[in-house]
Structure formats: structure tokens, C-alpha cells
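Undergrad: Chains as they are written, first to last, in this note's numbering: chain A, 1 to 129; chain B, 1 to 449; chain C, 1 to 488.
The hints are simulated quantities; they were obtained by calculation from the structure and are not laboratory data. Since we're looking at a predicted model, the values are computed, not measured. Any given hint could turn out to be false.
[Unchecked claim] Derived pair list, reagent style DSS-like, types lysine-lysine, alpha-carbon separation capped at 27 Å:
| # | chain 1 | residue 1 | chain 2 | residue 2 |
| --- | --- | --- | --- | --- |
| 1 | C | Lys79 | C | Lys457 |
| 2 | B | Lys152 | A | Lys52 |
| 3 | C | Lys472 | B | Lys155 |
| 4 | C | Lys432 | C | Lys444 |
| 5 | C | Lys406 | C | Lys432 |
| 6 | B | Lys21 | C | Lys472 |
| 7 | B | Lys37 | C | Lys472 |
| 8 | C | Lys117 | C | Lys154 |
| 9 | C | Lys157 | B | Lys152 |
| 10 | C | Lys148 | B | Lys152 |
| 11 | C | Lys472 | B | Lys289 |
| 12 | B | Lys152 | A | Lys76 |
| 13 | A | Lys53 | B | Lys152 |
| 14 | B | Lys152 | B | Lys21 |
| 15 | C | Lys457 | A | Lys64 |
| 16 | C | Lys475 | C | Lys457 |
| 17 | C | Lys444 | C | Lys457 |
| 18 | B | Lys37 | A | Lys64 |
| 19 | C | Lys475 | B | Lys289 |
| 20 | A | Lys53 | C | Lys157 |
| 21 | B | Lys155 | A | Lys64 |
| 22 | A | Lys53 | A | Lys103 |
| 23 | B | Lys155 | B | Lys21 |
| 24 | A | Lys64 | C | Lys432 |
| 25 | C | Lys457 | C | Lys472 |
| 26 | A | Lys52 | C | Lys157 |
| 27 | A | Lys103 | B | Lys21 |
| 28 | B | Lys289 | C | Lys317 |
| 29 | B | Lys21 | A | Lys52 |
| 30 | B | Lys155 | C | Lys432 |
| 31 | A | Lys52 | A | Lys76 |
| 32 | C | Lys444 | C | Lys472 |
| 33 | A | Lys64 | C | Lys475 |
| 34 | A | Lys64 | C | Lys183 |
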Amino acid sequence: MNVPSNLKYTESNEWIKVDGNTGSIGITDFAQDQLSDIVFAEIIVAEGDEVKKGDTIATVESVKAAADIYSPASGKVLSISETLGSTPEVINSDPYGAAWMIKIELSDPAEVNGLMDAGAYETFCASQH
Amino acid sequence: MFIPHTDADREAMLRTIGVNKLEDLFQAVPAGLRFPKLDLPPAMTEMEAMGELQGLAMANETSRDLACFLGAGVYNHFVPAAVDSIIRRGEFMTAYTPYQPELSQGTLQAIFEYQSLVAALTGMEVCNASHYDGATAVAEAVNMAYANFRGKRNKIVLSPALHPQYRQVVRTYSPGSNILFAGDEAENDLQLGPQSLIPLIDQNTALVVVQYPDFFGRVYDLTELARVTHENGALLCVSVNPIALGLFTPPGYMGADIITGEGQPLGIPLSYGGPYLGLFATRKEYVRKMAGRLAGESIDNRGQRAYVLTLTAREQHIRRERATSNICTNQGLMALASAVYMSLLGEHGLRQLAQLNYHKAHYAAKQIASLPGYALWSKDPFFNEFVIVCPEPVSEINDHLLDHNILGGYDLGQDYPEMATHMLIAVTEMNTRDEIDALVDVLSEVSHD
Amino acid sequence: MIEPQLCDLSAPGRQGVRFPQPDVPLTDLPTDLLRQELPMPELSEMDVVRHFTRLSQLNYSIDTGFYPLGSCTMKYNPKVNEETARLPGFAWAHPMQPIETVQGSLVLMYQMQEWLKEIGGFAGVTLQPAAGAHGELTGVLIIRAYHKERGDEKRDKILIPDSAHGTNPATSAMSGMRVVELKSDARGNVDLQALRAECDNTLAGLMLTNPNTLGLFDENVTEVVRLVHEAGGLVYGDGANMNALLGVIRPGDLGIDVLHYNLHKTFSTPHGGGGPGSGPVGVCARLVDFLPGPLVDVIEEGDEEVPPLYGFIDPPKSIGRVKAFHGHFGMFVRAYTYMLMNGADGLRKIAEYAVLNANYLLARLRNTYHVPYDRICMHEFVMEGRWDDAPGVQALDISKRLMDYKFHPPTNYFPLIVHEALMIEPTETENKETLDAFADVLIKIAEEAHNEPQLLKDAPHITPVGRVDEVKAAKDLLLCCAVSATDK
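From just these sequences and the hints, can you work out the full model?
TA: So this is what it looks like as C-alpha cells:
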């Protein structure tokens, strides 16, 4: 299972990549594996929206499950994926790259420090089953 | 009666399990409460039960014994023999919900065809596998609209001409939310059509709900209402009588976003209240917000076309407290009955049937309205039901009609306080001209009292 | 392609059922509202009958085979029920007819209310809800109304065991309540410590399925009920598993405050490929006033000459209607026929033999399949559909392979607390030969899983269709086809 070391992770299986003051957000390899073939993804926030850590930002559906995706951090939405709606399966094939969901301008960069790093997340996933 | 075990079977099984007697299997049940003596009669044989039920059934007088002019949401229509013949087949009737598609292609294709038939009839893009009835279908439409706007819009505009029981159910279903209902307050002028709702529609409106034909039998063009609803960013739900759609433009072509309705007229007996059939159809863009089962077309691993329940991730068994609804069992066999019915009648039969209802009802309305003391309540177009203003309270007139073996129309005073002398009369293909003339005769007797 | 679609069978101009010409003078049709196109099928009656008959032949059903589906109670559906439901006096009565004309139906409904009160130990019953989930909604709304009426607005928490059916949390959310999941302990009972921690003044109620979805009678049920009541909450009983309790124990006697019945499970009404069902709700004395109206009652007492007059009453603090009209009367007739044919003794026999059958299968299978909660079960039990030494084989594969042996699989993947769960409920109407054949096949499949797993992975082989591509179904979303030949 892929857990890139340069990302931070939540217990609800989202990742966030911090570049300066911008955070890119998506769901992890573990999450996409649990869901199996994803057939639908919808981002429910728009550019300019303010999101708080824990707010629902997207929903994802496979044939056996449906999941809400929560923002790992607070901030203002800078951009949302244009392609995820029409090609949701990219979440299965490239969860950390092309399957990014939203990018936000972090309102409180220190918030991210409270999230798990790669090692902690790997341990967390192992305890999930 | 239906338990096949012999004493030998039972003893062999108890031995395998490792206990001595049946009672030993119930040790976990609190001793003081175990095996209560139920104050219920002893068992009857099939023959005796049949006799008992026949006695009860014969105590009733129904639309088979009386000339029936009662509608108000469910109607006395003809059910062709082939409908019951198909739904009585054990392979349909005793089949389980089609969660295992390899063993349920019959049910799945039938549901898929039902969905397709209702979509074609209503002019909509997708239809689910049914809700319980017309009332709960509207309640689910309200939930769907509310969820669609994520609670940011909390106003639901309800037409006062939407079935009174449907409006009651909608209110029962929404105690937890902050939903505000508007439009069906007692003071409204019921003579006005759906245009009267337009001033109530605003940016806080999630859903506007009207009925077509409305509870009083009237039919209106809903295009303008749909336009204003959409201008305000809200959704329009129309509750329909499917038989009327054999004659009148379906609301799907007028801009409805959701169509609900009572499918009982499509080959389902009156059966003193149910089971009936909740129709629910919508536009493809809202399909994920729609509750209820959906049959979809796919292929199997041998390359054959095959059907399967789809978008199940929205449903209660997966999504649990985040499900679109808690609905599990729906009205599967009734949906099948209606699919058979719609197939048997087809385009030509449905047109014929709708026209027959229309002409008979209009004949009856004209005859009654010409009686001294009686008048037609509304001049607006109607389908097979209309309101007559009577010279006496409806309850008294209906007693008189019953003496002549006629089941009179619905007493509107039960739901609309100022309408105690207003009778809602339904006429279907089952009412012969003689029956209609007899109704007119008896009504004319009353006006002379 | 096995069976054509309606549009394939249609031909322009065909008609099945015809109607007479109007016997009244015609009235002009309103031109601006007139429908132009009506793209519906054009089929002869025989086309329709053959099409749907062939479809039926693709189905598995109780009439053709065994359904060991846990939680569904797929017992034999007596044919006499279909006769009584169709008696003209029942089938053609309009729900709004004057009560004097339908005393037969009202007596039947009244008797059903009384029977269900007696069977469950309740003070009041409503027949209105259309299905089990609908009954659950009714029950939770009643609980909510009860607390509200007492000014207890803070109480919005509903506790639901992690083994519960999905309708329980869905219902609670629909009713505007807050769902808190309670874990089960190592023996499959409600964890008392977890329960105690949640007993506070925000507790509205606990939704309990007993026996639970593991098929186990909760060993601490009396204490569970006591704790909830002490904290001021109410206990909702999910009656889906009543087949184990008929004549064995009355939920009302245990302190259950409100419970729904599933007539299409316990009381033999047919499943119909997904309904109709019926979900009457029983309540204790303090909740009777909140029931949805109308209820059937004697409204004029009789005497030696005149029978009592039955009619409708509205409970004074009713939560309101949950559906139009009175409920699924057609299903009441079926269930009532079944009750009459069983009587008090017959009902207890149902439970005894349902539990016997389940324990017999458990005894035959426990050495081949892992049973995580291994004690005397009630009418169903759960086993794992996997083995450490048969990697890659899952419950799904076992289920599909069962089809090759002409059995419907058990319930899969439920309850969620057992890995690769297979929930088995034989019901009391299956004979020993069927149970032995089923157990033998499951043992054979276990062997295959270890030695020839491909047989399971490729299963089913003999069914009309093989495994269906569900991902494609969800992506393509083909939910309708044209139904008329011209629309194709």
C-alpha cells in the first residue's frame, strides 16, 4: 500500500499536501482500495467557499460503499478538480496525483501539524482490519 | 399445519444438536417469562379458516355490489384477468428481493420494464422501483428536495388541492427538520388553480408540490408554474393519476422535476386501502438523490445482457444513517402488476381507457349540473372526477344513495370545513350509462325534498 | 440475451386489452392540454403473457427452492392466503366506504390488532405502516413525540447496536434523531458498559433487535431494558426476528415499549420480489395515545340482537398519518388467515421448529465453518465465509457456488461485525431432508474452496446469467429503455 512520505493524513483517510500556504486534498490508496471500483465522485464545494476542518467537501461512491470526504484543514477553496466528475476511476489508479479533489488556501497552517505523518498513518491503517 | 417434521425427525435432530427436548433450546429466555399462555383461539384447519374469512367478506358490500362513484385517490377500474394470472405465479410472488441477480433476472427485468413504462407514461428520464403509495412518495420527494439544497432552503409550498391525506403524511414525516410548509392554509381560495401558489415561491423554496389532476379532479397547464419555480431555483413535484396521462400532457413535458403518484389505477384492486403503488420518477441529474431501488442494465461474465440493482450505495443497507431514505421492502409485486397492465393496454388501450373515463365523467357532470339545486363547483377542465355543490349535506345524500345501492362520491366536508355540501364524484369505465342515469335520478329525488 | 424487451416485442397497431365504445354522448376534449405522443408498448395479450411467464421462469422462488436467508424468514407462503385475500368482499372494497358497508373488513382489522397485542404483550397496535422500515419510522416518531410531550426536548439520542439492520440508523436519521452506535461484547450481547456510558438525559431510546442479527437471544436483555428505562429512555424492538419468539416470550413482558412486526416475514405473507410487506406497530400503555390514526375500535356496543358497530378512532396525541388510507389490508387478510390456522399452540410450534432447524444446521456446520459466536442460537446463526488456509475465497464466492447446487445463498455481509458473514435462517417450514442436503453441499463447497477454488471463483455456472458487472451498471446508468417499437 502506497503512503507517500511528503503528505499528512487523517483518520478518515484523506491526505493533504502542503505547498507554501496552499493545501491539495484527496483520498488515500488505502481508502480507494477499501471502496474498490469507484463509479462516482462529486465535489460539493465551489471556488471561493470557506471550509472548516472536518467539513464535507466531496462524496465518492463505489458499488459497495458510499463515503463522504472531509477537509483535513480550514481555508478558502482556490480550485476544484474539473476532471474527477467525469473520470472518477482515476481515484483508484492515481489517488495521490491526478485524483486531487480541491486546493485550499490554508487559514491556519499550524492545523496541519496535528495530522498523522506517513509512518503514523501506516500504523493506523494496519490497525483497521 | 405447515411444519413438516415427524417425531422421528425431531428426535434425530435434537440428538445431533446435543439436547434432550425442544425447551432446552430456549434457556437464554428469562425463565419467568418463558412460554406464556396466549389468550388466542385454537388452530383452525384450512377449510374452517376459509369459512370464517368468507363469512367476514360476505358481510361487506363493495364496488361489485354497488354502483361506485367514489374516488378521492383510488379508483374502481377494470383489471384484466391476465394481470392477476401473472402475479400469482409462484416464481414472482414467492421470490425474494433481487439482491442475487443470477437468480432473479425475471424480477429484475420486470422492474426495469416497470421503470421504463412509468418513465414513458410520465415523460420523465428515470423512475425507481416504487414507494409504498402516493402519499409516502410525496414525503420522499420533500426529503429529497430538502437534502438537495443541504438544508439551506427550508420552505415547501404545498397546493391545497393536493390530497389531504398526502399533506398529512408529509407533515408527519418531517418533525425533526426546520421545514416550513406554505400554501395549503385553510383560508385559501380553493377555486383558484395552481397559479395562486406563484406569489409564495421564493429563493428559500426547496420544493413546490401540486397534483394533476388535482384532488378536485381539475387539470391545469403547469408550464408557467414550472417556469417561476425554476426561476427561483426551486424544484417542482407533481403527484399524478397515471390513467389521466393517457389523455393529458404529462407533467414531465411541462417542466416537472419530480413526478410522484398513486399507481393503484394501473391494475391493482381497491382492497380496502392497500397494498398500492407509489410512483416516483425524476430527471437523470437527480438520480443519486432519489430514494428507493433501481434496476439497471449491464452484462454478465458470459457477455449476455443482464439486469442488476444499481446505485445501491445510496440505500440503507450500505449507507445506514446517511442513506437517502430508510426504505427497504417496497411494492415489488404491485409494480409488476402495473407493468403487466400497462403492457396489456399499451398505447391504444390507455388512450381508449382515458377517453372513456373522460366522456362518462363529463356526461355525468352535465346531467347532474342540470338538476335544480345542484351545480358544478368549478368551470375548469377536469378528467374523471368533479365537484358538485348539492342542496343538502353530502352525508345525507349518500345515505339516500346507499338505499338505492349506489356508493356516492366523497364528502369534501371531511377535509375542507366550508365544503359540507360539496361532493367529489368519480366516474370510470366501470360505470355504465344506466348506472350514471340512475345516480342522476336518485339525486334529483333529493333536490325535491 | 435471454428475453427480449417490450419494445422488441411491440409492433405498431397491436393492442392487448380493448374497451367498449363510449355509451354516452361525447364531450369535446380540451385541445391545449391534449397529449400528442404516448410511446407505450403495442402488444397482443399472448405476447404479454408469454413475455412475463418466460421472465418468471428465470427466477428462483420459495415455491421452487430453499432460501436460507438470515433476517428474512423465507417460510412457505400458504396458497389459501391468496384465496382469502381475493374474496370479492375484501378485494373490491373502497377504503373510504361508509363503515356500515365494510363491517367484515373492520372486524378483521380489529381482530388483527387484538391478536398482535396478545402475541407481543402490547396495549395498542396500529396496522397502518406499509413495511418494517415504515414501522420503524412510526416507532421512532412515537418515541420522539412522547419525550416532546413531557417537555424533554434534550432527548435526541438513539442508541443502535453495531449488529443492527441498516434500516435502524437510517430511520433514526430520517426522524431527526442523533445516532450513536453501541458495540456488542465478545458473546454477541449488547455491551453493558458501553450502554451505561450512554445512559444520560439526552437518551431518547435504544433500538434493539432480539434475538439479534447474530441469531442470539441477548443474555442481558432484562438489564439492558432496565438501564434504558432508568435513564428515562424507551426501548424500541425491531420485530424482524419474531419468528423465534412466537409463543416463547412476549416482547412487551420484557419491557419493550414499541415494536414493529413484519407480516411478510413472521406471518407468511409473500415477499413478491421486493414487497408489498406490512409493518404493524405495537406499543405499551403509555404510548397508545401517540399511535398514528385511524385505529379500528368498537364505536357502538352491541347486544343480544345487534352486533357491535366497528369504526375508526383517532388517538388523542397521535403523531399523525404515516400513509394514506388504513394500511395494506390485502396483507392483513393473508396474515389473519395464517394466524387463524395456527392458533396459540401453532404459533409456539413455529418458533420451536424454527429454532430447532437453525440449531440443527449449526450443529452440522460448525466443524466446517467458523462460527464466531458459538452457542445455542435462536432461529438463525452467522458463520464466516472464509478460511485462513483458503486464501482468496470469500463469502461471495461460496454464495455463488451454492447456486450451482440449486440453493439460494444465505444473507451475505451482514451483520457487519462478522467478517465475510453468512447468515443462515432456515425457518420452520423446511424438512430435515432439505436441511441435510444443504449442509452436505456447504461441506462440499468448503472442500472445493481448499482444493479447487476456481470452481467458486467462476461460479455460478448453471444459472441463466453469470456474475453481473455491477461497476458497468453504476457507470452506464441505463435505468430505462424505450417501451414502444417506434421509440427504439
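Undergrad: If a hint holds in the structure, say so; if it does not, say that too.
TA: Right, here's what the structure says about each hint:
Distance check on the hinted pair: Lys79 (chain C) and Lys457 (chain C) sit about 38 Å apart at the alpha-carbon level, beyond 27 Å; violated. The hinted pair formed by Lys152 (chain B) and Lys52 (chain A) meets the criterion: a straight-line CA distance of about 17 Å does not exceed 27 Å. For the suggested pair Lys472 (chain C) and Lys155 (chain B), the alpha carbons sit about 38 Å apart, so the restraint of at most 27 Å is broken. Note on Lys432 (chain C) and Lys444 (chain C): the hinted pairing holds, with a Cα-Cα distance of about 18 Å set against a maximum of 27 Å.
Restraint check: the Cα-Cα separation between Lys406 (chain C) and Lys432 (chain C) comes to about 17 Å, which is no more than 27 Å; the hinted pair holds. Between Lys21 (chain B) and Lys472 (chain C) the alpha-carbon distance is near 53 Å, which puts this suggested pair outside the 27 Å criterion. For the suggested pair Lys37 (chain B) and Lys472 (chain C), the alpha carbons sit about 55 Å apart, so the restraint of at most 27 Å is broken. At roughly 31 Å between alpha-carbon atoms, Lys117 (chain C) and Lys154 (chain C) are farther apart than 27 Å, so this suggested pair is violated.
At roughly 24 Å between alpha-carbon atoms, Lys157 (chain C) and Lys152 (chain B) fall within 27 Å of each other, so this suggested pair holds. Distance restraint check for Lys148 (chain C) and Lys152 (chain B): the Cα-Cα separation of roughly 25 Å lies within the 27 Å cut-off, and the hinted pair is therefore satisfied. Simply put, Lys472 (chain C) and Lys289 (chain B) have alpha-carbon atoms about 20 Å apart, close enough for the 27 Å limit, and the pair holds. A threshold of 27 Å between alpha carbons decides the hint, and for Lys152 (chain B) with Lys76 (chain A) the separation of about 20 Å falls inside it, so the pair holds.
Distance check on the hinted pair: Lys53 (chain A) and Lys152 (chain B) sit about 20 Å apart at the alpha-carbon level, within 27 Å; holds. Between the alpha carbons of Lys152 (chain B) and Lys21 (chain B) the distance comes to roughly 62 Å, so the proposed pair goes past 27 Å and is violated. For the given pair, Lys457 (chain C) sits about 19 Å from Lys64 (chain A) by alpha-carbon distance, which is consistent with the 27 Å threshold. About 24 Å separates the Cα atoms of Lys475 (chain C) and Lys457 (chain C), which keeps this hinted pair within 27 Å; it holds.
Note on Lys444 (chain C) and Lys457 (chain C): the hinted pairing holds, with a Cα-Cα distance of about 15 Å set against a maximum of 27 Å. Between Lys37 (chain B) and Lys64 (chain A) the CA atoms are separated by roughly 46 Å; this puts the pair beyond 27 Å, and the hint is violated. Between the alpha carbons of Lys475 (chain C) and Lys289 (chain B) the distance comes to roughly 16 Å, so the proposed pair stays at or under 27 Å and holds. Simply put, Lys53 (chain A) and Lys157 (chain C) have alpha-carbon atoms about 25 Å apart, close enough for the 27 Å limit, and the pair holds.
In summary, the hint linking Lys155 (chain B) to Lys64 (chain A) is not supported, as the alpha carbons are separated by about 34 Å, beyond the 27 Å threshold. Distance check on the hinted pair: Lys53 (chain A) and Lys103 (chain A) sit about 13 Å apart at the alpha-carbon level, within 27 Å; holds. Under the criterion of a C-alpha separation no larger than 27 Å, the hint pairing Lys155 (chain B) with Lys21 (chain B) is inconsistent with the structure, at around 62 Å. Annotation: proposed proximity of Lys64 (chain A) to Lys432 (chain C) is violated, straight-line Cα distance about 36 Å (limit 27 Å).
Proposed proximity of Lys457 (chain C) and Lys472 (chain C) is supported: the alpha carbons are some 19 Å apart, at most 27 Å. The suggested pairing of Lys52 (chain A) with Lys157 (chain C) holds, with an alpha-carbon distance near 25 Å, which does not exceed 27 Å. Between Lys103 (chain A) and Lys21 (chain B) the alpha-carbon distance is near 68 Å, which puts this suggested pair outside the 27 Å criterion. The suggested pairing of Lys289 (chain B) with Lys317 (chain C) is violated, with an alpha-carbon distance near 33 Å, which exceeds 27 Å.
The hinted pair formed by Lys21 (chain B) and Lys52 (chain A) fails the criterion: a straight-line CA distance of about 62 Å is larger than 27 Å. For the given pair, Lys155 (chain B) sits about 59 Å from Lys432 (chain C) by alpha-carbon distance, which is inconsistent with the 27 Å threshold. At most 27 Å may separate the alpha-carbon atoms for a hinted pair to count; Lys52 (chain A) and Lys76 (chain A) meet this at roughly 9 Å. Taken as a hint, the Lys444 (chain C) and Lys472 (chain C) pair is broken in the structure, with Cα atoms around 33 Å apart against an allowance of 27 Å.
Of the pairs offered as hints, the one joining Lys64 (chain A) and Lys475 (chain C) holds, with about 13 Å between alpha carbons and a cut-off of 27 Å not exceeded. With a CA separation close to 23 Å, the supplied pair Lys64 (chain A) and Lys183 (chain C) stays within the 27 Å bound.
In terms of the numbered hints stated before, the structure departs from hints 1, 3, 6, 7, 8, 14, 18, 21, 23, 24, 27, 28, 29, 30, 32, listed from lowest to highest.
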